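Going down the list, the protein sequences come from chains R and D.
So for the first sequence, the working numbering puts the first residue at 92; every next one is plus one.
So for the second sequence, the working numbering puts the first residue at 196; every next one is plus one.
Source of the hints: derived by calculation from the structure; they are not laboratory data.
Predicted, not measured: the structure shown is a model, and the values here were computed from it.
In this text, a Cβ means the ideal position worked out from N, Cα and C, and glycines have one as well.
Just so you know, not all the hints are guaranteed correct.
[Said to hold, decoys possible] Here are the simulated distance ranges between beta carbons: (1) D:V450 with R:A253: 28 to 38 Å; (2) D:E334 with R:G337: 31 to 41 Å; (3) R:G311 with D:N201: 37 to 47 Å.
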Amino acid sequence: MNKITVGVVGAGRIGKLHADNLLAMPDVRLKSIADPYLIPDEWSSRGIVPTLDPSDVFNDGEIEAVLVCSPTPTHAEFTEIAARAGKHVFCEKPIALDPDRVRETLDVVEKAGIKLQVGFNRRFDPTFARVRQAVVDGEIGDVHLVKVIARDPSPPPPEYVADSGGMFLDMTIHDFDMVRFLSGSEVEEVQAFGAVLVDPAIGEAGDIDTAVVTLKLANGALAVIENSRKAVFGYDQRLEVFGSEGGVEAYNESPCQVRLRTADGIRAENPLFFFLERYQRSFVVELEAFVASIREDREPPVGGCDGLMSVLIGLAAAQSMAENRPVKVEAP
Amino acid sequence: MDGHMNQTTVGVIGAGRIGKMHTENLVHHIREAEVKAVASPHLDEGWAKGLGIPVRSTDNSVVLDDTEIEAIVITASSGQHSELIRQAAAAGKHIFCEKPVGFDEGPIEEAIAAAKGAGVQLQVGFNRRFDPDVRSLAESVRDGEVGELHGLRVINRDPSAPPIDFVLRSGGMFFDFAIHDFDTIRFLSNSEIEEVFAAGAVLVDPEIGNAGDIDTAIITLRLANGALCVIDNSRQARYGYDQRFEAFGSKGNQVVDNTRPTIKESFLEGGVYTDLPPNTFVERYRDAFIAELEAFVKCVREKRPVSVSADDALAAVKAAKAAKKSMDENRPVKLDAAAPPAEGGSSR
Chain R
92 MNKITVGVVG
102 AGRIGKLHAD
112 NLLAMPDVRL
122 KSIADPYLIP
132 DEWSSRGIVP
142 TLDPSDVFND
152 GEIEAVLVCS
162 PTPTHAEFTE
172 IAARAGKHVF
182 CEKPIALDPD
192 RVRETLDVVE
202 KAGIKLQVGF
212 NRRFDPTFAR
222 VRQAVVDGEI
232 GDVHLVKVIA
242 RDPSPPPPEY
252 VADSGGMFLD
262 MTIHDFDMVR
272 FLSGSEVEEV
282 QAFGAVLVDP
292 AIGEAGDIDT
302 AVVTLKLANG
312 ALAVIENSRK
322 AVFGYDQRLE
332 VFGSEGGVEA
342 YNESPCQVRL
352 RTADGIRAEN
362 PLFFFLERYQ
372 RSFVVELEAF
382 VASIREDREP
392 PVGGCDGLMS
402 VLIGLAAAQS
412 MAENRPVKVE
422 AP
Chain D
196 MDGHMNQTTV
206 GVIGAGRIGK
216 MHTENLVHHI
226 REAEVKAVAS
236 PHLDEGWAKG
246 LGIPVRSTDN
256 SVVLDDTEIE
266 AIVITASSGQ
276 HSELIRQAAA
286 AGKHIFCEKP
296 VGFDEGPIEE
306 AIAAAKGAGV
316 QLQVGFNRRF
326 DPDVRSLAES
336 VRDGEVGELH
346 GLRVINRDPS
356 APPIDFVLRS
366 GGMFFDFAIH
376 DFDTIRFLSN
386 SEIEEVFAAG
396 AVLVDPEIGN
406 AGDIDTAIIT
416 LRLANGALCV
426 IDNSRQARYG
436 YDQRFEAFGS
446 KGNQVVDNTR
456 PTIKESFLEG
466 GVYTDLPPNT
476 FVERYRDAFI
486 AELEAFVKCV
496 REKRPVSVSA
506 DDALAAVKAA
516 KAAKKSMDEN
526 RPVKLDAAAP
536 PAEGGSSR
């Protein structure tokens, strides 16, 4: 099979993960990776060309697709550069925290006529994909309620919080996308309650660590998202779609399925620790989908507009919390 | 069985579905009580006679005026509750009243005053507080098993939508249905509801919308202790009566899942199957319905205050009113402070 040649920009945690996954894909040739801090030997020993300069990737005529895994503030610019160079782009979320900046990038992408996929990996989690399939297949009838629980195992350091764009844009953004994905509908209006219950330092950094967000959807359904920065028992990722014919629910997944029974009680394993463990498979499937959309010349399953919508919902949530009133989501 | 023990003599007013269930529970399960009389406008004579209830009438005064009767169970239609409480209190009877006591603060406050003035007990039928699972969750929250409480979630979905004539006199979904959930939130958190945001929709049956009500809702609540809570309601869950509860805190999460008639699991070609949850509240809360009347009779006999009073009904109605207002005006609504400080009474 004719392999698709790919370059990766950004070799941090998520860049490394994607690179590893690309290496395992038979129809992909990972040619080069760029990061100002990378260790060249780590990559050259695996047959990948390392470079400190992302332009080397963008200007490489052999490279057909670029994965943008650099820090968030560079996403929009790198996506645009790659698009102008005629590369297809897979960009980590969010493209940018400013919706106008996202729109500019999407314009560039459209003019370049390249394919853009945004890294909402959870859509490709086999469990959540099965939930969506139940909705698509009509197994639960019309959607009435969508419920998402997303709790991290431990809060990020306060200095991370300060630059994160706030919990709604950093963490809940995945859940906003999940509500849109599961319901197949747009979010029209949000009402967010937030609180600082986990760590006062997060509050001092101007953010929250606990939230409940109510969402009204265009199809008439209602949704609610529950977030916490700290669940002591692990990464709490559950969701439910309830409809006119029934409901479908996804539970937490554990490293192994055992029950330990003693006189003290019956004990099962805690959920998988964090997103790298829980969503391991989804990172593979999302790249397979990206590559397939290039190969088969189809629209990628998660496009730039999906990236924009989640930012717009996040901004509406932040405004709702600040003004303590429901806020309509801006049109894309 | 009876005759040797000094039983508490009870009368029942209202023998519809709930009235019949409470009466049967009193007769069959609560040895300390004797049901002497039952009054109901369309009394099922055969049913009452079958239970061995000596006095059967369509006239409430037959129960109210019977000097032997110490306690009255009020299970008449909702609109009559507060007036019947006043009459029963005036007659010096202890009172167990089904929810709702009233749809507004006024009648509930009057009922509270009437019971207080007459020196009688007044328990309200928030049966979930007596469910062993809900009770266990409340106790472990109170014991700090989940640490500081950060959130509660209550799922309350009926198996099928009520008939429209019921909807019309129900007071609306927040007052008729979510009222239990407001009380459950207060019970589980041991805190007060400070602010609510309610989003409602008509997704089950357009007729419910035509009757001016909703059938689907998400209610988010901010409590005095800082916790953020979620209630979701639907009038129709096709798989049965969906009753789930969760308490999340700094030390963990506790979950009460649906009960099911049997715990059999069937591993078949199409998947792994278990029983559906019970299909009615009578089945799901069977033990709770018995336990709440047991507790009531015990409190009457031991002259101890009841554990679920009309004050709780008042707090729940305030939350329901705030939810309705929140939905109508599409904004978060703060609940009025329970009791404003007395003029000049505060010390500085």
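Distance restraint hint 28 to 38 Å, applied to the beta-carbon atoms of D:V450 and R:A253: holds (34 Å)
Okay, D:E334 versus R:G337 on CB: inside 31 to 41 Å? holds (33 Å)
Do R:G311 and D:N201 keep their Cβ atoms within the hinted range of 37 to 47 Å? With a Cβ separation near 59 Å, R:G311 and D:N201 fall outside 37 to 47 Å, so the hint is violated.
The structure does not agree with numbered hint 3 stated previously, though it agrees with all others.
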